[in-house]
Amino acid sequence: MLNKERQFDRERIAGAMIIVSLLVIFLSMVGIRLLNVKVSNIELVDGDLYTVITDQGPVNINKSDILRIETTNTKASITGTPVELDKIYTTKGFVYFSSADPFYRVGEKIIQSVKNTDKPVWIPADKKPISDATPDELQNANLRLIQPFSYAIGTPPNKIPFVFTLLTIQHLAFAFGGIALFVLVFPLRINSVKYNSPATQQDPEFCAADDHIGAVAK
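Numbering (the UniProt record's numbering), first residue to last: 1 to 218.
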């Protein structure tokens, strides 16, 4: 009985943690959505200089600002139209666009001006923090390099800390929710073994049955 109550309490706590985690994740997603900066256009100014027009104002970038480029293969959207998604990380934030955006061709020019490979992830040679490293080591080092710039380009400086705070809260909610889900789906059975074994050994009927079996054996 005590074991069942403990198991019920554990499942109830795990269920409550999952609900709270989902609520926190939803609220953090709403907050990040509200802080997101939309890109309305990308214009070529001169040579390697481009201007990204956002709803918070224009931002100038050039090839030396690019830290990482992520491209995806063409996939069918909900409407069935093939869509390609690209993401450029710079020292002023990241900008992402799809083939459905009107400024897609200009964004592709930025990518083609520096990218010389068909790999989905590209790192500039002068931005590789580790020399003579394996591809996995380069990827991990580059991810650490772009982490301080993981916000939408054009985000006001006073709002950047809020973006990172919401992202941290979201990651913690995912972690706690995952642990709670694991506990709920795979309940521990150690306690049941610990509590059932002494009770079974002290049960008079069980002891009498053992004595009877021993007598028959003799």
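Heads up, a few of these hints could be off.
Derived Cβ-Cβ restraints for the label pairs, each shown as a range [stated by the list, open to error]:
(1) Asp55 <-> Val185: 37 to 45 Å
(2) Asp136 <-> Asn41: 31 to 39 Å
(3) Pro120 <-> Asn62: 18 to 26 Å
(4) Pro102 <-> Lys63: 17 to 25 Å
Using 20 Å as the maximum straight-line C-alpha spacing, the simulated SDA-like pairs for lysine to any residue come out as follows [what the hints assert, rightly or not]:
(5) Lys92 <-> Ser40
(6) Lys87 <-> Asn116
(7) Lys159 <-> Phe174
(8) Lys159 <-> Lys63
(9) Lys115 <-> Phe103
(10) Lys119 <-> His171
(11) Lys38 <-> Leu143
(12) Lys38 <-> Pro161
(13) Lys119 <-> Lys92
(14) Lys63 <-> Ser28
(15) Lys38 <-> Val24
(16) Lys92 <-> Ile25
Calculated from the structure, these hints are not laboratory results. These numbers were taken from a predicted model, which means no experiment stands behind them. Backbone N, C-alpha and C fix where the C-beta goes; we use that ideal spot for every residue, glycine too.
Here's how the hints hold up against the structure:
no.: 1; hint: Asp55 <-> Val185: 37 to 45 Å; verdict: holds (43 Å)
no.: 2; hint: Asp136 <-> Asn41: 31 to 39 Å; verdict: holds (37 Å)
no.: 3; hint: Pro120 <-> Asn62: 18 to 26 Å; verdict: holds (23 Å)
no.: 4; hint: Pro102 <-> Lys63: 17 to 25 Å; verdict: holds (23 Å)
no.: 5; hint: Lys92 <-> Ser40; verdict: holds (17 Å)
no.: 6; hint: Lys87 <-> Asn116; verdict: holds (16 Å)
no.: 7; hint: Lys159 <-> Phe174; verdict: violated (23 Å)
no.: 8; hint: Lys159 <-> Lys63; verdict: violated (26 Å)
no.: 9; hint: Lys115 <-> Phe103; verdict: holds (18 Å)
no.: 10; hint: Lys119 <-> His171; verdict: violated (28 Å)
no.: 11; hint: Lys38 <-> Leu143; verdict: violated (23 Å)
no.: 12; hint: Lys38 <-> Pro161; verdict: holds (18 Å)
no.: 13; hint: Lys119 <-> Lys92; verdict: violated (24 Å)
no.: 14; hint: Lys63 <-> Ser28; verdict: violated (33 Å)
no.: 15; hint: Lys38 <-> Val24; verdict: violated (24 Å)
no.: 16; hint: Lys92 <-> Ile25; verdict: violated (26 Å)
Checked against the numbered hints above, the structure breaks hints 7, 8, 10, 11, 13, 14, 15 and 16 and satisfies the rest.
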